[in-house]
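A.B. asks: Dock chain B against chain A, hints included.
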Amino acid sequence: MRNIWVICQKEINSYFVSPVAYLLLTMFAIIFGFFFWNSVQYFNAAGLQSQMSGQPMPLSVNEYVIRPLLSNISVVGLFFIPMMTMRLFAEEKRMGTIELLATSPIRDIEVIIGKWLSALVLYGVMLLFSAINFAFLFHYGNPDWKPLAIGYLGLLLQAGGLLAIGTFISTLTKNQIIAGAATFGVCLLLWVLEWPSGSDSGTWAKVLAYMSVITHFDSFSKGVLDTKDAVYYISVIFLGLFLTSRSLESLRWRS
Amino acid sequence: MITVQGLTKRYARTLAVDHISFEVKKGQIVGFLGPNGAGKTTTMRILTCFLPPSEGTATVAGFDVLEQPMEVKRRIGYLPETPPVYHEMEVQEYLTFVGKLKGMSGQSLANRVTEVAERCAVADVRSKLIGKLSKGYRQRVGLAQAIIHNPDVLILDEPTAGLDPKQIIETRDLIRSLAGDHTIILSTHILPEVEQTCEQVLIINKGKLVATDSVHNLQARARGAESVVLEVEGRNGSLDAQTIQHRLETVNGVSRVLLKEFRDNRSVFEVESLKDRFIRGDLARAIVESGWNLNELRPSAMSLEEVFLQLTGGEKAAEEPTVEEALVQGEIQ
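Residue numbers (my numbering), protein chains in the order written: chain A, 1 to 255; chain B, 256 to 588.
The following block holds chain A by itself, in its conformation from the complex (with noise of 0.2 Å):
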């Protein structure tokens, strides 16, 4: 336990001393200010439209800001999440500093989650530029909180997923571009598996959706904590982090 907090712990720095962190910091404050932006628009629109209608309609924050931009996170977060990823376990490669790691003390199991909790930290650290948007709404309107806190947990598992994915790919090579793309691709792949299942309701297509990454958000965006998709982003984790260990143990049966 300790030594995961101590891997954790010099992952963070190394995020917060490169210009990594702030550059992804910055970039999603930006984009989700933009989304938010728009998104209010969009909902002043609605509502004046509405007023306007004669019957004036009450409409949900929830329903008509928070839940699409919980989605656009998800999304987003799928361009950031290799960068994030990508030098865990490449740089170490790349460095010779692997080998500091294999002859410590230390369980190659700690270092795994060491390193994948700090993307997560990295990760959750960018969700509070979110949430400062989002505390507009509570200001100014009155939004229920729980569906927004069942959202964050639900990013939080997706990214759990796709983190533990790009932990495992990065210990496949020494080069963190390699490592960045093909995490970017998987990311990729694993959003689009979704898209035939809107034309096609054959059983392939459910499979292939069941397998995406955004099918499993839909209920979290709606506020609704369903054990089927909790289920599938953390066998998803254990998955990734499985591989992860495997990955390392086979670098040193075969180098």
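Calculated directly from the structure, the hints in this document are not laboratory data.
Mixed in with the good hints there might be a few duds.
[What the hints assert, rightly or not] Here are the simulated lysine to aspartate or glutamate pairs, DMTMM-like style, with alpha carbons at most 20 Å apart: (1) B:K387 - A:E91; (2) B:K390 - B:E345; (3) B:K281 - B:D436; (4) A:K10 - B:D468; (5) A:K222 - A:E63; (6) B:K383 - B:E343; (7) A:K10 - B:E343; (8) B:K281 - B:D468; (9) A:K93 - B:E336; (10) A:K10 - A:E110; (11) B:K281 - B:E343; (12) A:K93 - B:E343; (13) B:K421 - B:E343; (14) A:K10 - B:E345; (15) A:K146 - A:E91; (16) B:K461 - B:E345; (17) A:K174 - B:E336; (18) B:K280 - B:D436; (19) B:K387 - B:E343; (20) A:K174 - B:E343; (21) A:K206 - A:D226; (22) B:K383 - B:E373; (23) B:K530 - B:E504; (24) A:K146 - A:D226.
C.D. replies: Same frame as chain A, but now just chain B:
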């Protein structure tokens, strides 16, 4: 402290280490010597539990590297060929991090970091980024990292590679000063380094252990007899080198006298003894009693380099002219 038996490591196509067996006693400095690609690094990686052996066993401080890797790892400090440093960390931060990895914490760790930084002469750069340091400093940070938890066994892979001559001497002194408390294995392909630092040598070539002995014995073994270099000068007037040579040849136990140089009334000879005979005293007496000056008398120990070439089958290489020799010959022709 370290016992290795029948250690073998196979990679996909190559046999990197081939049934090596040796033993290192507590407090010794052992030099691991061999040409590049001989299997030094592989053996060290097995000892540090970085790689598993394909066959055979290795134990460090009584713990098997495969069965109880955690116990082994707790007891070794390892400096790989490239120091495993994080460029974005400061020296002090890095040493603290490594200390924590090795299971240290709190005030004792802080004290130890200060102590080790001073011992390895990196205290003056402790708040600099490692990425900004010169190679020499980085190497010493690597060494500091290896000894931070005061391990029983230190494994150093080419600790002086890439350093300048002054740093090499400092690093060797540092390593020597660590002996006694620590058992040290260091690998190198630089022969004088072994002669100067180590007590015991393991020579490895193409994955096989070709010799294991003390530095002193290895040199003796290669020749089996004493060999000295003499410089003799006539006291008044010119002195014929031939006369001296004849006199030296009559000294008891001398097998061969070679005139190496004659200039300005000074002659330099190389004298070899018969096997197991000590001739230095007799030689000195013979010269002084003949009324000549003995300017110099030193043992010309066969350098480890020659032993090494002999043992690793480098004779062939020695027969071929080196680049310089080839150049000189070319010029003459």
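A.B. asks: All hints are to be evaluated individually against the structure, with a verdict given for each.
C.D. replies: Evaluation of the provided hints:
1. B:K387 - A:E91: With a Cα-Cα distance of about 18 Å, the restraint between K387 of chain B and E91 of chain A holds, given a limit of 20 Å.
2. B:K390 - B:E345: holds, 15 Å
3. B:K281 - B:D436: Measuring from Cα to Cα gives roughly 8 Å; hence the hint holds.
4. A:K10 - B:D468: violated, 44 Å
5. A:K222 - A:E63: Status holds; Cα separation ~8 Å.
6. B:K383 - B:E343: holds, 10 Å
7. A:K10 - B:E343: Within the cut-off at roughly 11 Å; holds.
8. B:K281 - B:D468: The given pair, whose Cα atoms are some 16 Å apart, holds under the 20 Å limit.
9. A:K93 - B:E336: holds, 14 Å
10. A:K10 - A:E110: Between K10 of chain A and E110 of chain A the Cα gap is close to 13 Å, so the pair holds against 20 Å.
11. B:K281 - B:E343: Violated, at about 37 Å.
12. A:K93 - B:E343: Given that 20 Å is the threshold and the Cα spacing comes to 15 Å, the pair holds.
13. B:K421 - B:E343: Between K421 of chain B and E343 of chain B the Cα gap is close to 27 Å, so the pair fails against 20 Å, i.e. violated.
14. A:K10 - B:E345: Judged against 20 Å, a Cα distance of about 12 Å means the pair holds.
15. A:K146 - A:E91: Violated, because 40 Å separates the two Cα atoms, which is more than 20 Å.
16. B:K461 - B:E345: Violated: K461 of chain B and E345 of chain B sit about 40 Å apart, past 20 Å.
17. A:K174 - B:E336: holds, 17 Å
18. B:K280 - B:D436: holds, 12 Å
19. B:K387 - B:E343: holds, 9 Å
20. A:K174 - B:E343: holds, 18 Å
21. A:K206 - A:D226: Holds, at about 18 Å.
22. B:K383 - B:E373: holds, 15 Å
23. B:K530 - B:E504: The hint holds at about 16 Å.
24. A:K146 - A:D226: holds, 14 Å
Comparing the model with each numbered hint stated earlier shows that hints 4, 11, 13, 15, 16 do not hold.
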